[in-house]
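K.L.:
Spelled out, the chains give:
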Amino acid sequence: MSANDDVTETLDVKGASCPMPVVKTKSAIDDVPEGGVLEVLSTDKGSMSDIDGWAAGTSGVELLEQVEDGDVYKHYVEKTA
Amino acid sequence: MSTEPSSTADGAPPSAAELQARVEELEETVADLDADDAQQKMTIVATQGTFDMAYPPLILASTAAAFGWDVVVFHTFWGLDILHEEKSQNLQLSAVGNPNMPMPNALAALPGMDRLATRMMENRIDDNGTATIEELIDLSLEQGVDLQACQMTIELMEYDEDDFYDDVTVGVGAATALQHMAESDIQLLV
Chain B
1 MSANDDVTET LDVKGASCPM PVVKTKSAID DVPEGGVLEV LSTDKGSMSD
51 IDGWAAGTSG VELLEQVEDG DVYKHYVEKT A
Chain L
1 MSTEPSSTAD GAPPSAAELQ ARVEELEETV ADLDADDAQQ KMTIVATQGT
51 FDMAYPPLIL ASTAAAFGWD VVVFHTFWGL DILHEEKSQN LQLSAVGNPN
101 MPMPNALAAL PGMDRLATRM MENRIDDNGT ATIEELIDLS LEQGVDLQAC
151 QMTIELMEYD EDDFYDDVTV GVGAATALQH MAESDIQLLV
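In the order they appear, the protein sequences are chains B and L.
Heads up: the first sequence at position 15 corresponds to 15 in UniProt numbering, and the numbers run straight through without jumps.
Heads up: the second sequence at position 155 corresponds to 155 in UniProt numbering, and the numbers run straight through without jumps.
The hints are simulated quantities; they were obtained by calculation from the structure and are not laboratory data.
Treat the hints with caution; some may be incorrect.
Unchecked claim - Just the calculated beta-carbon pair ranges, DEER-fashion:
no.	chain 1	residue 1	chain 2	residue 2	range
1	L	V30	B	P33	26 to 36 Å
2	B	G57	L	V170	29 to 39 Å
3	L	M120	B	G36	37 to 47 Å
4	B	A56	L	M152	38 to 48 Å
5	B	A56	L	V30	20 to 30 Å
6	B	T10	L	Q39	21 to 31 Å
7	B	D5	L	E155	53 to 63 Å
8	B	G36	L	E28	28 to 38 Å
9	L	P99	B	G35	51 to 61 Å
A virtual CB, placed ideally from N, CA and C, is assigned to each residue, including glycine.
Modelling step: build the complete structure from the supplied sequences, incorporating the hints.
P.N.:
This is how it looks when you write it as structure tokens:
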């Protein structure tokens, strides 16, 4: 099963660059219920490494999947606690 | 806190109850230490007030806040202008003595060159989707970053406390900054 089957909310930060994808992802995940999955759509190439690093260093979130779809980098973050 | 093993005055080994109390005391101490370690802390000292130097502290501070860290940015000397509501809108890039500028110093020193260089950079920032300084300040404050304005510098520059963005901390000095640095996992001078 792919992570994007379970998306609870989508955050569109296309066009925004560092540090916005991470900062906005943090704000958005706060409003996601526990067990929910946040989909983040970004055009920032650095977001692949940054959101990975942010998720690894942040408690209560888990990065499920990252997909490069044309110009858009898609991230799936689960709120685990 | 004493680390000596407890014993009675006559040198007899401690009773089970005394040992039990001691174990509980140590467990509480360890729990407190764990709680202290749970949150990372970062202190940045921002000393520069040019357009380009305003970005690194704000980007790192807002990102660290997204990690859930406890973040203090202590603004002193020219760094104070970043928090100054009016001056922060008008921070300049210096064209003179800037080896990254594609022009000789003799040209860079002409009137209006700083303004021109700043305008060019602002356009690039806009095209790139990079946040403005004001956006980064708002974001940082929203996320609970403690943006501190050095009291000594406020007085030195003859600024008024009302000149700064709401929620900026005033009335703090070097001792406050050092105290945060001592407790921080990361300390940066920008």
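K.L.:
Note whether the CB distance of B:G57 and L:V170 lies within 29 to 39 Å or breaks it.
P.N.:
At roughly 31 Å between Cβ atoms, L:V170 and B:G57 fall inside 29 to 39 Å, so the hint holds.
K.L.:
Are L:M120 and B:G36 spaced within 37 to 47 Å by their CB atoms?
P.N.:
holds, 43 Å
K.L.:
Could you say whether the range 53 to 63 Å given as a hint is met by the Cβ separation of B:D5 and L:E155?
P.N.:
holds, 60 Å
K.L.:
Kindly confirm whether 20 to 30 Å is satisfied by the beta carbon distance between B:A56 and L:V30.
P.N.:
holds, 26 Å
K.L.:
Okay, L:V30 versus B:P33 on CB: inside 26 to 36 Å?
P.N.:
holds, 33 Å
K.L.:
Kindly confirm whether 21 to 31 Å is satisfied by the beta carbon distance between B:T10 and L:Q39.
P.N.:
Taking Cβ atoms as reference, B:T10 and L:Q39 lie about 29 Å apart, which means the hint holds.
K.L.:
Given the hint of 38 to 48 Å, is the C-beta distance from B:A56 to L:M152 inside that range or not?
P.N.:
Between B:A56 and L:M152, where Cβ atoms are some 40 Å apart, the hint holds.
K.L.:
Is it true that B:G36 and L:E28 lie within 28 to 38 Å of each other by Cβ?
P.N.:
holds, 36 Å
K.L.:
Could you check the hint for me, namely that L:P99 and B:G35 are 51 to 61 Å apart, CB to CB?
P.N.:
With a Cβ separation near 53 Å, L:P99 and B:G35 satisfy 51 to 61 Å, so the hint holds.
Consistency with the previously given hints is maintained throughout, with no hint failing.
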